[in-house]
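Please work from the sequences and hints to get the whole structure.
There are 2 protein chains.
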Amino acid sequence: MIYKLLLLFLLTINLDIIADEGMWEPYELPKLESELRKSGFTKGVSELSNLFEHPMSAIVSLGGCSAAFISPEGLIATNYHCIESSFLQYNSSDKQNLFETGFLARSRDEEKKSAPGGRVYITIESKEITNEVLAGIDDNTESLKRSKLIEDNKKRIIKECENSEEIECRVRTFFSGESYKLEKLFRIKDVRLVYAPPAYVGEFGGEIDNWMYPRHTGDFALLRAYVGKDKSSKEYSKNNIPYKSNSYLKISAKGVNDGDFVMVLGYPGRTNRLLTYNEIEYDVNIGFNESIKFLNQGIKLIEENTDEKSGTKLKYRGRKSGFENYYKKISGQNEGAKNFELLKTEKAKWEEFLTFVEKNASEQEAKYLQELLALIDESLAEDLAQRYYGNSTLISMAQRIYRNAAENTKPDSERKPGYQNRDQERLSNSIKRMDFSFDSAVDKAIFLNRLESYKNFSKDLRRPVFSKELFLDESFAFDKAQKKVDQIYSSNFTTSTSMLKIKDMSLKELNSLNDPLIAFVREIYEESLKYEEKYEKRNARRQFLKSNFIKLLRKYNNSVNREIYADANGTLRVTYGNVAGISLRDGSFYKPFTTLEGIAEKHTGVNPFNVGKNLLEKISKKEYGDYFFESVNSVPVNFISTLDITNGNSGSATINSNFELVGLAFDGMIETIIADYKYIPQARTISVDSRYLLWTLDEMEKASNILDEITVVY
Amino acid sequence: MIYKLLLLFLLTINLDIIADEGMWEPYELPKLESELRKSGFTKGVSELSNLFEHPMSAIVSLGGCSAAFISPEGLIATNYHCIESSFLQYNSSDKQNLFETGFLARSRDEEKKSAPGGRVYITIESKEITNEVLAGIDDNTESLKRSKLIEDNKKRIIKECENSEEIECRVRTFFSGESYKLEKLFRIKDVRLVYAPPAYVGEFGGEIDNWMYPRHTGDFALLRAYVGKDKSSKEYSKNNIPYKSNSYLKISAKGVNDGDFVMVLGYPGRTNRLLTYNEIEYDVNIGFNESIKFLNQGIKLIEENTDEKSGTKLKYRGRKSGFENYYKKISGQNEGAKNFELLKTEKAKWEEFLTFVEKNASEQEAKYLQELLALIDESLAEDLAQRYYGNSTLISMAQRIYRNAAENTKPDSERKPGYQNRDQERLSNSIKRMDFSFDSAVDKAIFLNRLESYKNFSKDLRRPVFSKELFLDESFAFDKAQKKVDQIYSSNFTTSTSMLKIKDMSLKELNSLNDPLIAFVREIYEESLKYEEKYEKRNARRQFLKSNFIKLLRKYNNSVNREIYADANGTLRVTYGNVAGISLRDGSFYKPFTTLEGIAEKHTGVNPFNVGKNLLEKISKKEYGDYFFESVNSVPVNFISTLDITNGNSGSATINSNFELVGLAFDGMIETIIADYKYIPQARTISVDSRYLLWTLDEMEKASNILDEITVVY
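First to last, the sequence lines map onto chains A and B.
In terms of the working numbering, the first sequence has 341 at position 341, counting the first letter as 1, and numbering is strictly consecutive.
In terms of the working numbering, the second sequence has 706 at position 706, counting the first letter as 1, and numbering is strictly consecutive.
Since the hints were derived computationally from the structure, they do not count as laboratory data.
Warning: the hint list may mix true and false statements.
Repeated chains share a single entry, so a pair holds when one copy, or any two copies, can fit it.
[What the hints assert, rightly or not] Using 30 Å as the maximum straight-line C-alpha spacing, the simulated DSS-like pairs for lysine-lysine come out as follows:
{"#": "1", "residue 1": "K155", "residue 2": "K127"}
{"#": "2", "residue 1": "K621", "residue 2": "K344"}
{"#": "3", "residue 1": "K501", "residue 2": "K112"}
{"#": "4", "residue 1": "K621", "residue 2": "K347"}
{"#": "5", "residue 1": "K154", "residue 2": "K416"}
{"#": "6", "residue 1": "K534", "residue 2": "K410"}
Keep in mind it's a predicted model, so treat the numbers as computed, not measured.
This is how it looks when you write it as structure tokens:
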């Protein structure tokens, strides 16, 4: 787990670009042709910018992860760590632990359904809509009004766009609100598990090797997308048929060699390369450490409050590994900021930028920049306390149900985004997922612990009603808070079944339930609306001011002949580069490939380095099959390349010039993970090699059904 | 500190040799000519086997470390860690800490004298004397008689050999007593410190980087040997003049490149490559862990009982780093034994050997082998308890004084080795060294703690009188032991001055002192003699049986066209090989060179990674002077090569085909340190590069006096 996206923090842009970096939108590629040629790309560049054509039409999103079609019958390749929660955790039980056994469907009827809400998204359109989103707005529009207008415009655009049940539309923000695009997605609702190796392959090395290289993780899994017989998107049904995509990727058994051209097509979630210096400084000096503290506490809380016997350990497996993943990543960023002297280099650039602003910006532009920086400083302090507010899945879920009932009193078009008709299914699925990822006692313990931290923030940083209801202000009265929390958790609605029953109740019905959870939610309802409005207002102003900043930044960069590109925002992007080793420490060199022998070398018999006997035997007997790679004298397991990826890219197809799948990107290296903030030439992307995937399917699993279905290029 | 020899354990041989391994005696080199040529050696091979000629005549021993003459005026280059105790610790005080400041004598009268007993040994002869040592002995000689005869023969040989005061002779055991050689050494008694860098250069990386690569340690220092005006060896005197050696090494400023031929001339202390399988199995399954426990306890004891303020921390610095060095080494061997499957491979070889023995050995030979294995098993168990016996420097010193007085009642030729006239000076120097490396309270604390462990061994493994005197057998009476120890340490003879006063007293005078320390020593005297005799008897038998084993082993090896070479035993040896990087873990490669930039990279401002500003500035300004090496685009700091070295090789000159000094060997790599037991092709020797030494002297120290004296080859 690694480059899977976890929407834990609302992080927030940064100067300077060089030619060989970047996560490009497909339409931008033609202008990069000469750069692509230099890197070794041989095909037509225009092929890459058409979303409806191969290879782009083979690329999909799983929501948080990336993936690709690899057969005409809807077969999808992605990372193992992208399917752990929705497929392995969901389909495991006391009797059958799929993490231990792995899973292979030898025929289609053996395939396993996904947890509620398991989806495949195919981008079928991406359209510039800045004018539409900002219609009716000018520089003088008051912030709250601005916020409301943008919200209404977006809702209208989405409503118009979502002309069928299988289409999902999203308005995506680029350059912090300087521009907007409409993303039209075909949403497949029936997704099934076809193959996952045992965890000792799929997450070999576990948390210890996470974000590390040399790496030996078989981070691959196969899913299949199903649709109705009429080819429309349908929920799971036995009558559904495999989705036939416009195109699919062939899989290379030749793979790549050192120096070869590669690119990654996927959905990177978020980068922070266009931040103001204030934001960078805050993250480096305060934010990173605060996040580390918060995440570490979260990991400990789960460890202390879950166990194997009660099944809670399995339920919180996904949450915990999410925390661990970000804990390690941000710890790496913290180190990287020092090693790559982030503050020093960014401050120097920022000062150049400020000098440019002084000479070239209008008085108004300069004023806006000042205001932005003040606003950033103000909100950063509040955000810290805000992180410890809430943290109860139970209460959050009840709040969503209560809010949903409140919004349902209005016509659909006037309801808040998230509570419209289009959102009802998602809300139900969220509730259903509690079955395998929620436990009331564990949730309560986590909430209480976070509350104790929240209580320590000064009064003006805390929500007054919430604090009062929970007795947070009375000194030595934390036992009262505990009692109150006990009472809230004694609710009748602490399971998915009971919650689904009240999901569609009217506000009146909810209010008459006389339940401590609903009562508490009602008590803090008005306050939460007030805070929502406050943040909306501030964010609207911030967005306006940021787009002004971006304009200045672009002017400045153009003045020194540089272009800026948009930060990652969950939209389809292309990054290209070459297979290459790297020296990150004097005297030491990371080779571009790792091999099967490295697995045996790391195997200790103790998790996460405890592979099966069969695997060890094949390695010791050198049973390389058709996947032997002379350069490494073995089967390559993982390889590194100069690709520029981030969280959300997990599962992305790594392809060669012929658009053949040569790997699946899954991780970066802890030493250069600060690259989210600043392009680092030494940064490398770790991919699992297609030859290891094929070797596993062929030599280990004898999965002839899959090998027959996919197209292997020898 | 690394490859300095620490005589802590009496360790004890192993099958199989391949052509490019080995620590060869100089006389053996001509037969290796074709191998030397293959490695790239271009000079005449015969030049290497003459001890009186260049380059061999430039190679010296410091007793525990190796070194080499680098000027016609007695200037010697060795490792920094070889001079820490006798020069830096000895010459440091509250006012001047030479570890912090480093030291450079800008003129000869500034040079600092060594601690008592600081010596330089030059091997001037090496002679086969097996028949002489074993004169009067046959296979049926009873063990104790055998022991006594060998002892008497050795004493006579040494007496005949030591025909002048400046000559020291040693009878060296080869192949576990199968053969003997007489080593004749010229002993220089006036050795002075010329140059040591600050500890942040000399032991950069400290314990953290010890036994590790990539490495950036400036592990070099310079001494000067002085003799009387008549060229005879004299103790320190202002009138002494620099020793003029037969030859000296020029220093290469061109250094080596990847793949270049190199060799190391030095004094390796001990290897265990000709062990029986029983011994290997014991070490791997029990011995390593027991040593780790013992050493770890020792480190903790010193940490807990010493402090900066009282000066005890400085006094125990050497002892502690010795413990730490071996703790890390044996931990590495413990790991390496698993990683390189020592038991598996050695057991297979051992079984082949046993099959050979069954078919080819006489009944008597086979019987001897059986007896050897039984004897080994028996003694290994006792050795463990034995390790915890003693451990009091104070008591040991008093025992030596008491024994000395007892031996003095006999004619010199009949005294026990170690107590003859030739040994008196060494005994006095041992006492004098207490001044800067002993503290009565610390010594007592260590003794008491070790005693508590000793007490836990079963009664039959402990010395009865010693145990009774210290109340070790009475349960819950350890407080009595403590009281007794307190009483012993209340002696009047706990300093070097007081001990020197009683050193030459007669036994009668000692007995009349009425001192608790002397009283205790007298109480256990008879018992210690009894145990000495017991061990002598057993060792004599073991040696006899081992030489039988070696004969069988040689026969076996010859039957499969292999030769065996003698384990390292502190005699002058030559190892040759090439500069080469190494991949020890899949996906990762250690480059052959590290550079100045790596120092800045590791610098954290916290010890042991806390170098001076001046150094950092020169690195950041790329002030490489004449020592820039294009291949690494900087000044190389350390380099690795395929040389086969071990403890005792520290300070050894690493030279090229032209016999120019290109480095000083100082360490091995933790991953392959099991090489003491079995030749590991991946093992590498770490040398500090001559270019870093020259850069330091030139760019950092502006040591024009030294640069003028040495011969630098550009």
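Results for each hint:
When the C-alpha separation of K155 and K127 is checked against a cutoff of 30 Å, the pair qualifies only within one copy, where the shortest distance is 16 Å, while the shortest distance between copies is 98 Å. For a Cα distance limit of 30 Å, the shortest separation of K621 from K344 across copies, 18 Å, qualifies, whereas the shortest one inside one copy, 53 Å, does not. In this assembly of identical chains, the alpha carbons of K501 and K112 lie at most 30 Å apart only when taken from the same copy (27 Å versus 89 Å across copies). Taking the shortest alpha-carbon separations for K621 and K347, only the inter-copy value of 21 Å comes in at or below 30 Å, while the best intra-copy value is 56 Å.
For the homomeric pair K154 and K416, the shortest alpha-carbon distance inside one copy (11 Å) is at most 30 Å, but the shortest distance between copies (100 Å) is not. Only within a single protomer do K534 and K410 lie at most 30 Å apart by alpha-carbon distance; the minimum there is 22 Å, versus 101 Å between protomers.
The structure meets every hint from the earlier list without exception.
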